[in-house]
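For the protein sequence lines, the chains are A and B, in the order given. Here this note's numbering is used: position 311 in the first sequence is 311, and no number is missing along the way. Here this note's numbering is used: position 108 in the second sequence is 108, and no number is missing along the way.
Certain hints may be false.
Calculated lysine-lysine pairs in the DSS-like style (CA-CA distance at most 30 Å, straight line) [what the hints assert, rightly or not]: (1) B:Lys2 to B:Lys140; (2) B:Lys32 to A:Lys291; (3) A:Lys291 to B:Lys140; (4) B:Lys153 to A:Lys8; (5) A:Lys68 to A:Lys138; (6) B:Lys137 to B:Lys47; (7) A:Lys291 to B:Lys31; (8) B:Lys32 to B:Lys140; (9) A:Lys153 to A:Lys68; (10) A:Lys291 to B:Lys2; (11) A:Lys332 to B:Lys140; (12) A:Lys68 to A:Lys181; (13) A:Lys181 to A:Lys153; (14) A:Lys247 to A:Lys181; (15) B:Lys47 to A:Lys291; (16) A:Lys291 to A:Lys332; (17) B:Lys45 to B:Lys140; (18) B:Lys32 to B:Lys45.
Note that these hints are calculated values from the structure, not bench results.
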Amino acid sequence: MPPSGIRKYFDLIISMEGVISLGVGEPDFATPWHITEAAIHTLERGYTMYTSNSGMLELRQELARYLKRTFDLEYDPDTELLITNGVSEGLDLAMRAILDPGDEVIMSDPAYVAYPASVMLADGVPVQVPTDCHNAFKLPAPDVEARITGRTKAILIGYPANPTGATMAMPELAEIADVAKRHNLLVISDEIYNLLVYGTQPACFACLPGMQERTVLLGGFSKAYAMTGWRVGYAAGSAEIIAAMTKIHQYTALCSPIMGQMAAIEALRSGEPEAMRMIEEYDRRRRVILKGLNDIGLDCFEPRGAFYVFPSIRSTGLSSEQFAERLLMEEKVAVVHGTAFGPSGEGHIRCCYATSMENIEEALTRMARFVQRHRAP
Amino acid sequence: MKEILEILENDARATPERISTMTGIPLADVKKTISEAEKNHTIVKYKAMINWHKVGDEQVWAVIEVRIQPQRNVGFDAIAERIYRFPEVRSAYLVSGTYDLAVFVSGRTMQDVAAFVSQRLAPIEGVQGTTTHFLLKRYKEDGEIMEVKEENKRLPLTM
Ligand SMILES: Cc1ncc(COP(=O)(O)O)c(C=O)c1O
Chain A
1 MPPSGIRKYF DLIISMEGVI SLGVGEPDFA TPWHITEAAI HTLERGYTMY TSNSGMLELR
61 QELARYLKRT FDLEYDPDTE LLITNGVSEG LDLAMRAILD PGDEVIMSDP AYVAYPASVM
121 LADGVPVQVP TDCHNAFKLP APDVEARITG RTKAILIGYP ANPTGATMAM PELAEIADVA
181 KRHNLLVISD EIYNLLVYGT QPACFACLPG MQERTVLLGG FSKAYAMTGW RVGYAAGSAE
241 IIAAMTKIHQ YTALCSPIMG QMAAIEALRS GEPEAMRMIE EYDRRRRVIL KGLNDIGLDC
301 FEPRGAFYVF PSIRSTGLSS EQFAERLLME EKVAVVHGTA FGPSGEGHIR CCYATSMENI
361 EEALTRMARF VQRHRAP
Chain B
1 MKEILEILEN DARATPERIS TMTGIPLADV KKTISEAEKN HTIVKYKAMI NWHKVGDEQV
61 WAVIEVRIQP QRNVGFDAIA ERIYRFPEVR SAYLVSGTYD LAVFVSGRTM QDVAAFVSQR
121 LAPIEGVQGT TTHFLLKRYK EDGEIMEVKE ENKRLPLTM
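Work out the full structure: start from the sequences and follow the hints.
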């Protein structure tokens, strides 16, 4: 398995002064204070122990209520929900639970780096479907179907998407659901960015008719509640798969940190206003960076989710990697080259707009200079 | 309208062009809203928030509880106006509870503030009593935490 494609830039950036980074994958906001404060309070009361392997019952119950009121989905907190160390662990558990060696999982290209990795770590085979900006990086159901073989076990989707910011609406997801049903496949749906949508409704794959029983819904708190460091997320699915995942989780992670779980309870109970405030701010930044990039000649389709834009850099004639490296050296702006997320990311860079408006404006000024200099003849 | 004002309240330097991009509201409408708000005093003023502590040029501030005898017909307003018209008064609020006006006063020295209270404010007819609290430390003002912003703790690059 290849090492993550950003390691060398990481060390470079740390050694440089004055770098503006659009290369992060997490909110720039600190966790809302009421959540942090609630967690501090529970620590003061001595909650510093292991929890149940499945996660605190109180959190699972709160989560069941959240899924019910937000998506009208019913999950049994005792058997169908598992609290994980973020979606990261949930993904790993899901793959290990469902895959036999050689089983195939279909997913998009480009994709979040952990998608193919988690399949490979479980001795599975990632099968990637190229997607592109002409189709707003959506995953076309016919292309998925065309790659199904006797070894296909599951389809892995994650919308809103990292690195593209792409979203898929319910009717588009329904076409994927049809394929899954026809070929009796599981669907792993990473919905970590579910609340971070702009001008479109949050979509939940498990809500589609007949899909709840064949979907492993992975969700978490990292993005919407700015809680990346707390390491808490969840998996929701059939009792059978959740039991298998719980077994692996029990021996490898034991439980998610109790302070993270306590914080998550508070987030579910009263985190929505703060989450909405952050989402409103992301939306403003999204509009500014989108217009700014298009104005300087880096065309991008309008992303409607997460906090990434994925502009085309073809007007410069540089490869993604050249672009990212030279932009960093010449103008001290860090972005991630599109190919870090798969071959179909060539010709693109990922810019994260979860940073201050001043940073975005300064980065755009620097990038405009850079593009001016490197415009292909 | 509200969104435009919220953005300006947070950053008075936001240009109409930028606000238009941020909100998707057409530029002409943004400009019109702002100029109307300026005209009718919805936007009272554009100004910078300074942490004077950083340049070692700190003024003395006090919050003064003022108890007043309300007057026929005008209630508290007439006396409040006599008080808030002094330039030393930086903010003035009518409040509920054991006193009536909360008045923020600034001066160069404690003596300045004390003199203002004893010679100007307390003698006003209708003022029944004052209690002066000098401010010792400014933690947060108008939504802004005064301490230097901590460095962002994020790693510079993550997937
Ligand atoms: C698409 C996607 N899924 C999952 C994660 C990891 O989430 P968590 O913090 O819940 O492990 C990330 C983080 O960048 C992500 O972008």
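Status of the hints after comparison with the structure:
1. For the proposed pair B:Lys2 and B:Lys140, the alpha carbon gap of about 24 Å is at most 30 Å, so the pair holds.
2. At most 30 Å may separate the alpha-carbon atoms for a hinted pair to count; B:Lys32 and A:Lys291 meet this at roughly 22 Å.
3. For the hint pairing A:Lys291 with B:Lys140, the CA-to-CA distance comes to about 35 Å; that exceeds 30 Å, so the pair is violated.
4. Proximity of B:Lys153 to A:Lys8 is assessed by CA-CA distance (about 20 Å); at most 30 Å being required, the pair is judged to hold.
5. Under the criterion of a C-alpha separation no larger than 30 Å, the hint pairing A:Lys68 with A:Lys138 is consistent with the structure, at around 27 Å.
6. As the CA atoms of B:Lys137 and B:Lys47 are separated by approximately 22 Å, the hinted pair is consistent with the 30 Å bound.
7. As the CA atoms of A:Lys291 and B:Lys31 are separated by approximately 19 Å, the hinted pair is consistent with the 30 Å bound.
8. Note on B:Lys32 and B:Lys140: the hinted pairing is violated, with a Cα-Cα distance of about 33 Å set against a maximum of 30 Å.
9. Between the alpha carbons of A:Lys153 and A:Lys68 the distance comes to roughly 28 Å, so the proposed pair stays at or under 30 Å and holds.
10. Proposed proximity of A:Lys291 and B:Lys2 is supported: the alpha carbons are some 23 Å apart, at most 30 Å.
11. The hinted pair formed by A:Lys332 and B:Lys140 fails the criterion: a straight-line CA distance of about 33 Å is larger than 30 Å.
12. Restraint check for A:Lys68 and A:Lys181: satisfied, since their Cα atoms lie roughly 24 Å apart, inside the 30 Å limit.
13. At most 30 Å may separate the alpha-carbon atoms for a hinted pair to count; A:Lys181 and A:Lys153 meet this at roughly 12 Å.
14. Of the supplied pair hints, the one linking A:Lys247 and A:Lys181 holds, its CA atoms being roughly 27 Å apart against a limit of 30 Å.
15. Note on B:Lys47 and A:Lys291: the hinted pairing holds, with a Cα-Cα distance of about 28 Å set against a maximum of 30 Å.
16. Note on A:Lys291 and A:Lys332: the hinted pairing holds, with a Cα-Cα distance of about 21 Å set against a maximum of 30 Å.
17. Under the criterion of a C-alpha separation no larger than 30 Å, the hint pairing B:Lys45 with B:Lys140 is consistent with the structure, at around 21 Å.
18. The suggested pairing of B:Lys32 with B:Lys45 holds, with an alpha-carbon distance near 17 Å, which does not exceed 30 Å.
In summary, the structure is inconsistent with hints 3, 8 and 11 from the numbered list given earlier, while agreeing with the others.
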